[in-house]
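Colleague: Residues per chain are reported as follows:
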Amino acid sequence: MTATENPVGPAPDTGTDAAATGESVTVMGDLRSHLLKSKAGIAGIIICFLFALVAIIGPWLPFIKDPAQQSLPDKLTPPVGWGGTWSHPLGTDQLGRDILARLIDGARISLLVSLVAVIIAAILGTALGLIAGYIGGKIDTLIISAADVQMAFPGVLAGLILVAAFGPSVWLVIIVIAISSWMVFTRVGRGLVFTLKTSLYVEASELAGASSRRIMWRHLLPNLVSSLITLSVLELAAAILSESAFAFLGFGVQPPRSSWGLMIQQGRNYITDGWWIVTFAGMAIAIVVLGVNLLSLWLQSFNDVAEREQIILERPGG
Amino acid sequence: MLRWLARRIIAAALVVFVVTSLVFVVTHIFTDPATVSLPLEATEEHRANRRAVLGLDRPLSVQYWDFVSGLVVGDLGESFWQSQPASKLVFERLPATLKLVGGAIAVTVLLAAPMGMLAAWWERRFADHAVLGFSMVSISAPPFWIGYLLIIVFAVQLGWVPTFGSSGFVSLILPSFAIGLASAGRLAQMTRRGIVEELRKPYAVTALSRGFSRSYTIVHHTFRNVASGFVTMTGWELTRMFTGYTVVIEVVFAWPGVGRLAIHAIENRDLILVQAAVVVLATLVVVTNLLVDIARRLIDPRVELA
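Protein chains in written order, with numbering that gives the first Met the number 0: chain A, 0 to 317; chain B, 0 to 305.
Any given hint could turn out to be false.
[Unchecked claim] Chain B regions said to be covered by chain A (calculated; three or more residues, Cβ under 8 Å):
1) 40-51
2) 70-84
3) 100-114
4) 169-179
[To be verified] If you want the ones that stay clear, here's a sample from chain B, every Cβ over 12 Å from chain A, calculated:
5) 0
6) 16
7) 64
8) 143
9) 239
10) 268
11) 296
12) 299
13) 300
[Unchecked claim] Residues on chain B that point at chain A, a partial pick, calculated with CB under 8 Å:
14) 14
15) 54
16) 136
17) 212
18) 214
19) 277
Hints listed in this document are in silico derivations from the structure and should not be mistaken for laboratory results. Keep in mind that this is a model prediction, so the values were computed, not measured. For each residue, glycine too, the CB sits at the ideal point set by N, CA and C.
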């Protein structure tokens, strides 16, 4: 965005294509110019850090109850402020289990699954993008056609067919999220390689006789890292939402293990006399995704690739 | 235009072909409908019998030919959970899904266009920040959770609308909002950004300096130039809806659509029916993309399309 203070004042580069002036072409780029950058970034970092911390040290936190411990006399106790007591600050579920403890326990699965999926997608997608962009030719055509087909076959559909074929499992959810995200990295990586390929230092190392592998690994990849990390954070937000949806449908982790999506699935029959189960589990998802989105905005303000963002927007099956 | 259209249609058909072939690979090579339909403890003999009954003991090439030629005439196999043609079951449910997606896209457009214009009108003022806040929250919250919150507030507490099912127009409101809010959030920001950018261009500055009000200029001049992007984005949101959270929202609201049918088919180990639902939804995505490209070209012939 051009940061002119006068909203109707003519920008110096009027009439030029947004991409050509290095402006971003998206929702995200726009959100960024609005938020006070650092505030959003700090809020995002704090939220992500807190959730990660809780996910890691959850079971050793003081005053936290056993998430699996049932107590039928205490079932559907409301949270503090709605008639509950501090022994169950966020109330209990239909089996008398402590909601807060289950949220902390569920954070592990929800966040770990999304994180692993995005890491797999990033590694696979980047490798294919590097190869497609640098080698070019038929390999490029093949890889980019595969990416186009993947765009037309969104994750939820892949999830339906794979769960129907192999039954639900956590690994299946990881794979489904990874295969619905790799092509984003491939397209961005490929686009960046196209522009880097003609730079002097790449030509110099080609002339010096460096192998393709060495050029891709030592010269091109390091230049992609910052963009790809930013992209990974954005994909992580989508992955957490996907994971929660799959868990809600019962495709992923099975009881007695817990995840946020599964808590909503189990709490949905009690929305009349236990609204807090669904409400707090969903709130956990929404807050962590908001944190990741804020972090992503902030990262994008450091490196900004218009083309990449356009690709994100064009993804189907969010 | 015609040549472009022909090329575009062939490309779309190719994508459908590849996607359906991939589905066949999963459902017939990695596993098969007979194995899926039987419990894990079934003996090999049981499985062989079931395979013979379903014609799965024939060579894969024959089965594949059957599958592809069936697709062309709209035969998607026989559901053994319902003992009916799978295509009949899916197409019976399709109108409900289309109705839901239609409602959601209406919510999206009716919220996004005015919000985007308001935000651009009061750029960097309160309304702008409020729209931004709405966008951030709506894209971060899981749609099925929004669905339950809407049910808790409007159906359970206030009793204004039925909790679930699809009885008439009223029951369409909550699920449409549950799906459409996130899309509206994304689209509102895109609209706002487009208008703000257009307002800095010479033609808009001229209009403003000749004394047209900011609102008049936005509605009559700049929004028209953003329209092409708006349609494209709406199209993308449409494809997202067909395959994304619509499935989940159908489960939340017990909406009798294709997505919920697929989930029930999974619960009943009916691989053929799941396959049929997935093939139909994937085709819808490709067709929607095609229509969006055509609409874009009609709105703005300058748009260069590969």
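Colleague: Could you work out which earlier hints the structure fails to respect and list their numbers in ascending sequence?
Modeller: 1, 2, 3, 4, 6, 8, 9, 10, 15, 17 and 18
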